[in-house]
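First to last, the sequence lines map onto chains A, B, C and D. Residue numbers for the first sequence follow my numbering, so the first one is 117 and each next one is one higher. Residue numbers for the second sequence follow my numbering, so the first one is 117 and each next one is one higher. Residue numbers for the third sequence follow my numbering, so the first one is 117 and each next one is one higher. Residue numbers for the fourth sequence follow my numbering, so the first one is 117 and each next one is one higher.
Everything labelled a hint here was simulated from the structure, so no lab data went into it. In this text, all values refer to a predicted model and were calculated from it rather than measured experimentally. Honestly, I wouldn't trust all of these hints.
Pairs count within a copy or across copies, as identical chains cannot be separated in the list.
[Claimed, not checked] Simulated pairs of lysine to any residue, SDA-like, Cα-Cα distance not exceeding 25 Å:
1. Lys349 with Arg214
2. Lys143 with Leu237
3. Lys373 with Asn194
4. Lys347 with Tyr368
5. Lys244 with Gly278
6. Lys349 with Met200
7. Lys143 with Gln314
There are 4 protein chains.
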Amino acid sequence: MAFQLLNPGETVRSHRHTPTQMRFIVKGRGAYTTSEGEQMLMEPGDLLVQSNWSWHGSANFAEEPVIWLDLQDRSLVNYLGAFMREFWPEDAVQPTTRPEEYHRRLSSGVRPLKSMNPNDLLPPFQYKWQDTLRALEDQLESQNDDPYDGVLFEYSNPFTGGHTVPTMSAQIQVLRPGQTTLLHRHTGATMHHVVEGQGSSTVGEEELRWQERDCFFIPALQWHCHQNGSKDKRAMLFSISDRPILDALGLYREEGK
Amino acid sequence: MAFQLLNPGETVRSHRHTPTQMRFIVKGRGAYTTSEGEQMLMEPGDLLVQSNWSWHGSANFAEEPVIWLDLQDRSLVNYLGAFMREFWPEDAVQPTTRPEEYHRRLSSGVRPLKSMNPNDLLPPFQYKWQDTLRALEDQLESQNDDPYDGVLFEYSNPFTGGHTVPTMSAQIQVLRPGQTTLLHRHTGATMHHVVEGQGSSTVGEEELRWQERDCFFIPALQWHCHQNGSKDKRAMLFSISDRPILDALGLYREEGK
Amino acid sequence: MAFQLLNPGETVRSHRHTPTQMRFIVKGRGAYTTSEGEQMLMEPGDLLVQSNWSWHGSANFAEEPVIWLDLQDRSLVNYLGAFMREFWPEDAVQPTTRPEEYHRRLSSGVRPLKSMNPNDLLPPFQYKWQDTLRALEDQLESQNDDPYDGVLFEYSNPFTGGHTVPTMSAQIQVLRPGQTTLLHRHTGATMHHVVEGQGSSTVGEEELRWQERDCFFIPALQWHCHQNGSKDKRAMLFSISDRPILDALGLYREEGK
Amino acid sequence: MAFQLLNPGETVRSHRHTPTQMRFIVKGRGAYTTSEGEQMLMEPGDLLVQSNWSWHGSANFAEEPVIWLDLQDRSLVNYLGAFMREFWPEDAVQPTTRPEEYHRRLSSGVRPLKSMNPNDLLPPFQYKWQDTLRALEDQLESQNDDPYDGVLFEYSNPFTGGHTVPTMSAQIQVLRPGQTTLLHRHTGATMHHVVEGQGSSTVGEEELRWQERDCFFIPALQWHCHQNGSKDKRAMLFSISDRPILDALGLYREEGK
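All chains should be built: construct the whole structure from the sequences, respecting the hints.
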């Protein structure tokens, strides 16, 4: 998890690689990523997913810098010796060859019958912030709180219905006003980014205080809990976890105190 | 597959049952189905899916009758002795308790992390015709034609990425101008409804001529092929197949001539 | 479920068909079934599985008739219009081309890496009674009793680890001395055969008394429970259920009283 | 992959850990591993699998040292921060509480109906060399050779029908007399141990000559091919690959020259 900044006028040449990459847009409006020929505008709160081996390049046409969190499974892919990369033939962003929302339609509606078998590479896709927020608010009232995590939502993969991608789960979590969660620990590490609100998290022996736009990390098997620092306002945390790998390999373990 | 007609002012009391039900709207605008508390407007070309055991009831507020194709797996469910049904406490349509597009957002975005395990019942959902048409046109040019079926698309299940529902596959198929497909046969029966265009299909010894709004049936293991009767215009067929059952049970077989 | 009898000297010409067939041997020793070239001896208590589309033919070389229960999903396959059958070129049992226990080794050990993908047809296989009995006795003591079924074991598919075959679950069930189970009902029908002991089962309004070699049927959604009639001896019931179909289609429902 | 040696009279206290461990016995007869209460004798060619979190301890009762290859996914488990370990209460091998072949029967026959859901930990199991050899010889004649690997067999998991364990695939490979395979490369690393015969493998720029009991390693993405050095005798290689992880994460890639 790293912040990246794209200055006005800057471009990133299109390329593709075996690591899967996600971007959570933090600030700035007016840059886009061209993903497999579709120009996807990046606005604060959007999550863009560049699946393993899909073409992507970016440009900033705005007057201001655009900042995002870059989320990758590159370290795992390197560990497994599976890193491969390819650059777009020209030193430029791939031209736009597909209409707006092409991948959204592909993910949610009719689909060529023979095109999707389980080993196929996934197309790129994105979650617009206004949809995320709306879906979250639809569910918020009716959900029972998890004792350890408040209300925890996952960005589900629109092509498979499963985890966001096979190696990472993107999540968004709400701590209700005044809420304090219980201590637990589990295999799988989590990186958090504060979208809204302020509060603190206990991680092992540490007390981490956080507010909007902060990031913090909870290593595997560390005891942790969260506290919303406000009595009136909700807090909202975006996070990335490697739990899908632990699930796939039979290594997920969890214990409460 | 049966046509159903709802007259202006008519309502159908909410109920739920173990058979899964789909509706492909053929004519009329202004009726709705309330599915698990969400009012879903029914417009021509829309496909509504009432999953196994989800509440649904309908009312027609328009000035004209609304007609749809009713598609169910009731005969299979009866065969298996698994038919169950329940009526809504009042003799009325269930009240609207959820905002517009609630289930669409649930199906395509963030989702409560613990809510979706493989044995859960699926929520209801719908495919709006304008989205279907757009997704289809996105793909049409780039798709290779199937020699037996022209260009064949499936309405994929937004919660699982698989077949439309576990017992039925809803499909939409385009025959390009002048296109004639090759003879083949397979296990699994298919019911067709002509959405656009005219042409003919050979089914066993029969030659079936069809035009807009006709329906025809291809029984399991009958040799069949299709012909678009126009040299200038595409033909479009909506269909329902029981292939998901044959796949699940290892009984799908196909042969070309 | 039907009893079949093969007289001394009789043969059944080899053939294959899309229905899957199981045989639970009831009486007689010395007949065999040749399955895909392997001669499998049939002894009381053995369960032979002729998977969908595998060659099989039989002969009785013994001095006595051999009797088995014939268990098929033919009615479902017919319902789906997927029945196909083929006869062996000669009017005879297929010659033995494979060594003894060929399919057992294939199912439990090393396997050609590229040979087993999920859509492949399954090879035939068998469960010898002495192994079944031994595995059952290994587990009997440590198992918690199911309140509705005593101790219930499934013949698991050695190639997939799942239900016996995709359409049928073969089970063996032990009622401990004096045990009476609670009333419950579920979708899915079950056919029972008494292997050992005597007792009774309540099925709807009926009280069915049974003893060794009896068969009885519990239709879908009928309330039922079982009672071992002996205070000293266990009772053992073999059964076949269509639950795998109900699971695959999301139609399994169960309720206790 | 490391050789381990257990001297006569030595014992290893029982313990369990999240890494999965396999042992391929190379030399010596008379030691055993007690796995979840079953004493499993270790003989040359046997493969023992101690699944994630299953108890195991060993002792050598023979007059000679016993040597095996120790195969673990510990480095991956450490990388993921999921390492956990527990020791048996006494400083000893866990007592034998289960009959011989208990786990073999559990894996191949009847099984408690409610005991096996997909997230359960797997029991330990073993493949006896004489069964492996026999299964391999059953298949050898009828198999088409893979152009890159000769005849390649996998030790399939008896509980799931899939890869040996979720993180490792154990394989055995036969190069026919005089056979030379074609160059290819793929993601996923492989460790080889020569069971029988002699020959050579090209790995990148290196030519590796090997004979019985040698080990060699092929890193991810290195071009490689194999050659049986004898015109009369087959060569047989045991190997371990991390391909199941690459498959699960969508990262398997292969290319031939």
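Against the structure, the hints come out as follows:
| no. | hint | verdict |
| --- | --- | --- |
| 1 | Lys349 with Arg214 | between (41 Å within a copy, 24 Å between copies) |
| 2 | Lys143 with Leu237 | neither (30 Å within a copy, 39 Å between copies) |
| 3 | Lys373 with Asn194 | between (35 Å within a copy, 24 Å between copies) |
| 4 | Lys347 with Tyr368 | neither (34 Å within a copy, 45 Å between copies) |
| 5 | Lys244 with Gly278 | both (19 Å within a copy, 24 Å between copies) |
| 6 | Lys349 with Met200 | neither (45 Å within a copy, 39 Å between copies) |
| 7 | Lys143 with Gln314 | within (18 Å within a copy, 53 Å between copies) |
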